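Asker: Residue-level listing of the chains:
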Amino acid sequence: DTEVTQTPKHLVMGMTNKKSLKCEQHMGHRAMYWYKQKAKKPPELMFVYSYEKLSINESVPSRFSPECPNSSLLNLHLHALQPEDSALYLCASSQEEGGAKTQYFGPGTRLLVL
Amino acid sequence: GENVEQHPSTLSVQEGDSAVIKCTYSDSASNYFPWYKQELGKGPQLIIDIRSNVGEKKDQRIAVTLNKTAKHFSLHITETQPEDSAVYFCAAGTYGGSQGNLIFGKGTKLSVKP
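Chains as they are written, first to last, in this note's numbering: chain A, -7 to 106; chain B, -9 to 104.
Hints listed in this document are in silico derivations from the structure and should not be mistaken for laboratory results. Incorrect hints may appear among the rest.
Claimed, not checked - One-sided excerpt, in silico: chain B residues whose CB lies under 8 Å from chain A:
#1 Thr55
#2 Phe79
#3 Gly83
#4 Lys96
#5 Gly97
Small disclaimer: the values here were computed from a predicted structure and weren't measured. Built from N, CA and C at the ideal position, the CB exists for glycine as well.
Just chain A, with the same shape it has in the complex (with noise of 0.2 Å):
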């Protein structure tokens, strides 16, 4: 089985509000990813966590706050979004941190802010 699941599917936010992603693997991985995609574009990563602990963060602004409460668990939570950060939140595991690991990644959630 290799499942990654992500709730909810689909997001619609106005830009004070405080909403949350959610994400949950059951492989046994222990490295977990955020990525962000935009239209026509590839995934960028946003977040890795390995072992839990927060591994790499590309510069994403504080809005953004990326949480993992156990191995199979991954949030990323959202405060004072703008519209630009509208897009494809794709959450992905691997079996350990780096690069020739095998990425697996969930369906998404799509998120639109107002």
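Starting from the structure of chain A, add chain B where the hints point.
Answerer: What follows is chain B alone, placed relative to chain A:
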């Protein structure tokens, strides 16, 4: 840092024909090359990957070739079917790198006409 170029950006073929997508990379340290298929409204799905210790890998109608000297790798789809229509992303990754994450090409939109 690594840079991955992908061509063509769009590709249209007749059902039953073959499709070839090519990628080049710049960092000779890259040694892992996955290919992802992304259908509309879904997350990227890993379809095949290759590591630098082999030159070719096949899985049914899909094959990937790697030329480390020339720093390029290609995806070959034979006997294309309408359900192969999607956006395909190549990526390059490095084992053990401090960043250790995937660099994606810009994607190829494949259309298979019945």
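Asker: Would you mind marking each hint as holding or not holding in the structure?
Answerer: Taking the hints in turn, this is what the structure says about them:
1. Checking Thr55(B) against chain A: minimum C-beta separation of about 18 Å lies over 8 Å; hint violated.
2. About 5 Å separates the beta-carbon of Phe79(B) from the nearest beta-carbon of chain A, less than 8 Å, and the hint is met.
3. Because the beta carbon of Gly83(B) sits about 3 Å from the nearest beta carbon in chain A, less than 8 Å, this interface hint is met.
4. Restraint check, Lys96(B) versus chain A: the minimum CB separation of about 6 Å is within 8 Å; hint holds.
5. Interface restraint check: Gly97(B) against chain A, minimum CB-CB distance 6 Å, threshold 8 Å, status holds.
In summary, the one numbered hint that this structure violates is 1.
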